[in-house]
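J.: Taking the hints into account, I'd like the entire structure generated from these sequences.
Those protein sequence lines, which keep their order, are chains A and B. So for the first sequence, our numbering puts the first residue at 70; every next one is plus one. So for the second sequence, our numbering puts the first residue at 70; every next one is plus one.
Treat the hints as calculated values from the structure; they're not laboratory data. Any given hint could turn out to be false.
Heads up, the list lumps identical chains together, so a pair's fine if it works in one copy or across two of them.
Derived PhoX-like pairs (lysine-lysine); straight-line CA-CA distance at most 25 Å [to be verified]:
id : residue 1 : residue 2
1  : 205       : 330
2  : 342       : 373
3  : 257       : 237
These figures come from a predicted structure and were not determined experimentally.
Number of protein chains: 2
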Amino acid sequence: MIKIVVDAMGGDNAPAEIVKGAVQALGSDKDLKVVLTGDKEKIGQTLSGLSYDKARLEVVHCAEVITNDDAPTLAIRQKKDSSLVVALKMLKEDEETQGFVSAGSTGAVLTGALLRVGRIRGISRPAVCPALPTAKGGKVLLIDAGANAECKPVNLCHFALMGTAYAKAMGVKEPRVGLVTNGTEDHKGDPLHQEAHNLLKTLPGIHFVGNVEGRDIMSGDIDVAVCDGFSGNIALKTTEGTALAVMQIIKENIMGSFWAKVGYALFMKKAFKNIKRVMDYSKYGGAVLLGIDKVVVKSHGSSKADSICASVLQAKAAVDSGLVPSIKEMLSETDLEAIGAEG
Amino acid sequence: MIKIVVDAMGGDNAPAEIVKGAVQALGSDKDLKVVLTGDKEKIGQTLSGLSYDKARLEVVHCAEVITNDDAPTLAIRQKKDSSLVVALKMLKEDEETQGFVSAGSTGAVLTGALLRVGRIRGISRPAVCPALPTAKGGKVLLIDAGANAECKPVNLCHFALMGTAYAKAMGVKEPRVGLVTNGTEDHKGDPLHQEAHNLLKTLPGIHFVGNVEGRDIMSGDIDVAVCDGFSGNIALKTTEGTALAVMQIIKENIMGSFWAKVGYALFMKKAFKNIKRVMDYSKYGGAVLLGIDKVVVKSHGSSKADSICASVLQAKAAVDSGLVPSIKEMLSETDLEAIGAEG
Chain A
70 MIKIVVDAMG GDNAPAEIVK GAVQALGSDK DLKVVLTGDK EKIGQTLSGL
120 SYDKARLEVV HCAEVITNDD APTLAIRQKK DSSLVVALKM LKEDEETQGF
170 VSAGSTGAVL TGALLRVGRI RGISRPAVCP ALPTAKGGKV LLIDAGANAE
220 CKPVNLCHFA LMGTAYAKAM GVKEPRVGLV TNGTEDHKGD PLHQEAHNLL
270 KTLPGIHFVG NVEGRDIMSG DIDVAVCDGF SGNIALKTTE GTALAVMQII
320 KENIMGSFWA KVGYALFMKK AFKNIKRVMD YSKYGGAVLL GIDKVVVKSH
370 GSSKADSICA SVLQAKAAVD SGLVPSIKEM LSETDLEAIG AEG
Chain B
70 MIKIVVDAMG GDNAPAEIVK GAVQALGSDK DLKVVLTGDK EKIGQTLSGL
120 SYDKARLEVV HCAEVITNDD APTLAIRQKK DSSLVVALKM LKEDEETQGF
170 VSAGSTGAVL TGALLRVGRI RGISRPAVCP ALPTAKGGKV LLIDAGANAE
220 CKPVNLCHFA LMGTAYAKAM GVKEPRVGLV TNGTEDHKGD PLHQEAHNLL
270 KTLPGIHFVG NVEGRDIMSG DIDVAVCDGF SGNIALKTTE GTALAVMQII
320 KENIMGSFWA KVGYALFMKK AFKNIKRVMD YSKYGGAVLL GIDKVVVKSH
370 GSSKADSICA SVLQAKAAVD SGLVPSIKEM LSETDLEAIG AEG
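T.: So, in structure tokens, the structure goes:
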């Protein structure tokens with residue numbers, strides 16, 4: 070039995086959709102326990118309309134909520150009775166609680182995880198790691214997607230190691246790691262990426278395929294796309310924006326032609342629903358915060374029940390696969406000092 | 070009558086597709102003259118099968134070609150009889166020749182334009198500026214898309230000014246300029262983008278709407294997306310990769326369902342052809358090199374005749390609209406020192 074704590078008050082659709090999503094996850098996995106932190110009364114209102122295994126759901130009341138308007142560090146320090154801080158305290162202190170899900174402010178979740186749970190020893194900068202769909206039907210991990218606007222070469226080595234551990238935990242045998250730069254040649258990029266390239270080439274434990282470009286991220290030819298947090302965030306959000314723009318352009322082209330409209334109405338509605346689901350990856354499931362000493366999944370702010378359910382199951386799968394211990398093992402086996410990455 | 074010189078030997082499909090594209094452009098604009106530089110015999114072979122106004126097409130023979138394998142600076146210095154260097158010499162020296170198009174190596178075109186034509190006075194770093202389609206049916210200029218992997222804040226101010234001048238030349242009345250960072254809040258980004266944000270806020274002559282994210286680039290809510298060349302290149306190529314991945318995912322969803330396949334075959338083929346054309350923007354038309362003292366258009370390496378034709382007409386339109394003089398005027402009216410951007 071694995072216990073996942075869920076911040077019931079984080080996100081645009083909290084608490085109703087968060088509660089529904091958590092209950093949905095309970096229904097699809099009998100080895101799962103869920104703790105909801107938040108306003109007991111509001112949570113109870115949603116719960117009263119649902120049927121679920123009461124032995125596997127616990128509600129812990131908290132009076133405060135951290136919002137997007139709060140300054141993360143201050144809020145984590147001061148709002149001690151917030152759904153986020155109470156959940157993180159439980160994650161840190163309760164051995165049975167091994168994973169955490171929140172759709173709240175990214176800054177607050179990241180700061181909270183750092184201050185209240187702590188980093189894996191040896192990782193100076195935890196990173197945000199979402200999984201994107203690829204043209205070949207698989208997934209690619211993007212790390213760092215925005216936790217660190219400024220990075221050092223050693224941080225990018227840690228991202229490569231953690232991304233590899235996560236991809237392996239997801240079942241990829243020998244994850245192919247690419248460094249996202251402005252060209253495929255070895256010398257491309259600014260000094261940060263040039264130095265990172267040289268380190269990654271000699272870094273044991275990863276399968277480095279070299280520099281890749283933005284167009285390679287979703288090609289299906291790599292499993293882990295290593296980025297600094299600044300350009301990684303731009304790349305991630307550019308995939309979202311482009312996917313939306315493409316869907317819009319397609320829609321307009323279809324709706325602009327009578328016969329295409331007929332074809333759509335008669336035959337293609339279901340296919341497009343599927344497509345939308347795949348392309349809506351930013352809202353489906355969450356990004357794992359790698360480098361934190363427990364499993365932390367950040368769900369999209371606009372998450373609805375389906376998404377929260379996916380994030381809870383994703384957190385449980387990460388615990389099941391031993392993600393945190395594998396990262397620790399990879400780090401203990403890799404002498405970053407020996408390749409000149411530290412100091 | 071405006072004369073555009075075209076590097077007939079640059080690109081994967083040179084010279085046949087380049088020659089065909091140039092001839093196509095001549096056919097659609099009676100005020101256009103084209104000079105082709107390259108192997109006279111090979112160019113002649115393609116020309117012999119085409120009909121065109123011979124008075125408006127000139128071929129200048131050159132014995133050498135600069136390829137993707139050449140080191141740009143060395144090649145520009147040594148291959149003096151290459152189609153690229155001869156074309157740039159004409160662009161620099163011949164007053165009647167006001168624009169240039171090449172589908173050759175980006176590095177060589179950029180270096181060549183810098184060394185052989187020169188910068189606009191006051192612009193320290195010319196930038197690559199492609200136009201992308203938006204979700205609202207318009208265009209957005211991305212600047213810099215890859216000329217400068219390392220930038221200073223003043224460079225980003227120049228990009229904003231040049232992008233504004235270009236958008237105005239394309240008919241946008243008051244172009245909205247966004248700075249692409251890892252979040253919309255004013256303080257987001259690394260020190261480069263934080264400082265650039267503060268400068269852009271006070272920069273006269275532009276309509277700065279603040280920080281934008283990768284997802285806003287193609288939203289249609291901005292006309293000019295200012296980026297450093299490193300993250301701008303990643304953003305540009307990520308849009309290409311995502312568009313391809315989305316088209317692939319759509320295709321598989323359609324082909325995986327019998328009825329969707331029927332609908333596609335009966336009704337939607339044409340709509341999808343249109344969509345492919347819009348989304349194939351990277352191969353259609355070219356990116357303007359802004360900051361060079363004449364109009365330089367870099368067409369995609371895999372350009373075919375249609376694309377080259379579009380690039381030639383794009384170069385002519387830029388000349389017609391007075392793009393280079395407008396940039397000079399904007400610079401002369403903007404005291405970058407006064408806002409603390411220089412030095």
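J.: What are the numbers of the hints the structure violates, in ascending order?
T.: Result: hint 3 breaks, nothing else.
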